[in-house]
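Taken in sequence, the protein lines are chains A and B.
Counted the way numbering that gives the first Met the number 0 counts, the first sequence spans residues 0 to 103.
Counted the way numbering that gives the first Met the number 0 counts, the second sequence spans residues 0 to 287.
Take these hints with a grain of salt, some might be off.
[Stated by the list, open to error] Here are the computed lysine to aspartate or glutamate pairs in the EDC-like style, where the Cα-Cα straight-line distance is at most 20 Å: (1) Lys96(A) to Asp165(B); (2) Lys96(A) to Glu278(B); (3) Lys96(A) to Glu71(A); (4) Lys96(A) to Asp70(A).
These are calculated hints, taken from the structure and not from any lab test.
Computed from a predicted structure; not experimentally measured.
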Amino acid sequence: MNETATAPRVRLLDSTLRDGSHAIRHRYTPEQVELVAGRLDEAGVPAIGVGHGDGLGAASIQYMRSLHTDDELLSAARRALRSARLAVTFQPGIGTKRQLERAA
Amino acid sequence: MTLRVAILGSGNIGTDLLYKVARNPALALVGMAGIDPASEGLARARAGGFAAGADGVERFLDDHPDLDVVFDASSAQAHAEHAPLLASRGVRCIDLTPAALGPAVVPDVNLDEHLDAPDVNLVTCGAQATVPIVAALSAAGRVAYAEIVSTVASRSAGPGTRSNIDEFTVATARSLETLGGSAAGKAIIILNPAEPPIIMRNTIYAEFATLEEAVASSSVAEAVARVAAYVPGYRLAAEPLVADGMVTVFVEVEGAGDYLPAYAGNLDIMTSAAVRVAERYAERLATR
């Protein structure tokens, strides 16, 4: 921990498969998620965010529907990950604790 | 005939109820029971000349054996303890907590179905604001999916609301189906931190399998008028949008400013709905 005082450690969380989904109207397919997550994992990215751009449970008229459910996209990412950790975005009032537990 | 009523809970909701009940000619307020002797709610009850009990609900009920109805504005956990005490004394309860022990009631939609229930639950502010609209739309066509977004001022959301966010979204969504008549429902709540605080705003989206557009628009206006009869600050924020088999309705709720500030329409719609339920009980007794 001492080294963080002098040289802050940067830890990457790639959000292409979560925040990036806004740009394509939440149309990612499980195949695309598996491919991109796998390559990010190989490249050594430590954490990879996946799912609807506004987080778990956000697929709605308000936040736009997803082509695939959070479950489908998270499962696809899990198939591809070797060392990277899977990350999700969660906003109380949109997603529920139950959805968060399902994703865990 | 007037009903003898009391309020359980001396927090924001209980204290707002104090003012609404005290001025309602169909209700005779006996007093308020709380657990904090220093609470502002109990002080205001005392100042108004009403009983103010700080020694717990059981003691209060023993001291006032002639109550007809109580409003429970405590907490879901406390309501579960109060329910058997009330039932054993034959006191009916209008529950404003998320306990959901009794049937869900939205006055405009199903009040008369549960006039004999010993305990009725008012679901959530989001349900009170949006279920009447979804029910009206369900009468105009077959609603396949209803989604609501309730936005409330951050300052109007106390610790109870914040620790029960999931209960809010789950119970509200369920009520869109069971009371609103939609085949599927979803609810979203947003706490808006803007200053000055905003009033409660609700967006209701309804997707139809079949739809009579003209009927939908007029049924929404009628529902808004009916709810406004017991929640004066309830109104359309814009005309309903009807396009591509979907109707979008915008309603806002401004509070009466009794105890809670006027922006807290989300709390006012709960206390107003509760008073409407009690008033209906009194009307019914009068016609018997």
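Verification of the supplied hints:
For the suggested pair lysine 96(A) and aspartate 165(B), the alpha carbons sit about 7 Å apart, so the restraint of at most 20 Å is met. With a CA separation close to 38 Å, the supplied pair lysine 96(A) and glutamate 278(B) exceeds the 20 Å bound. Under the criterion of a C-alpha separation no larger than 20 Å, the hint pairing lysine 96(A) with glutamate 71(A) is consistent with the structure, at around 18 Å. Of the supplied pair hints, the one linking lysine 96(A) and aspartate 70(A) holds, its CA atoms being roughly 15 Å apart against a limit of 20 Å.
Going down the numbered hints, you'll see the structure goes against just number 2.
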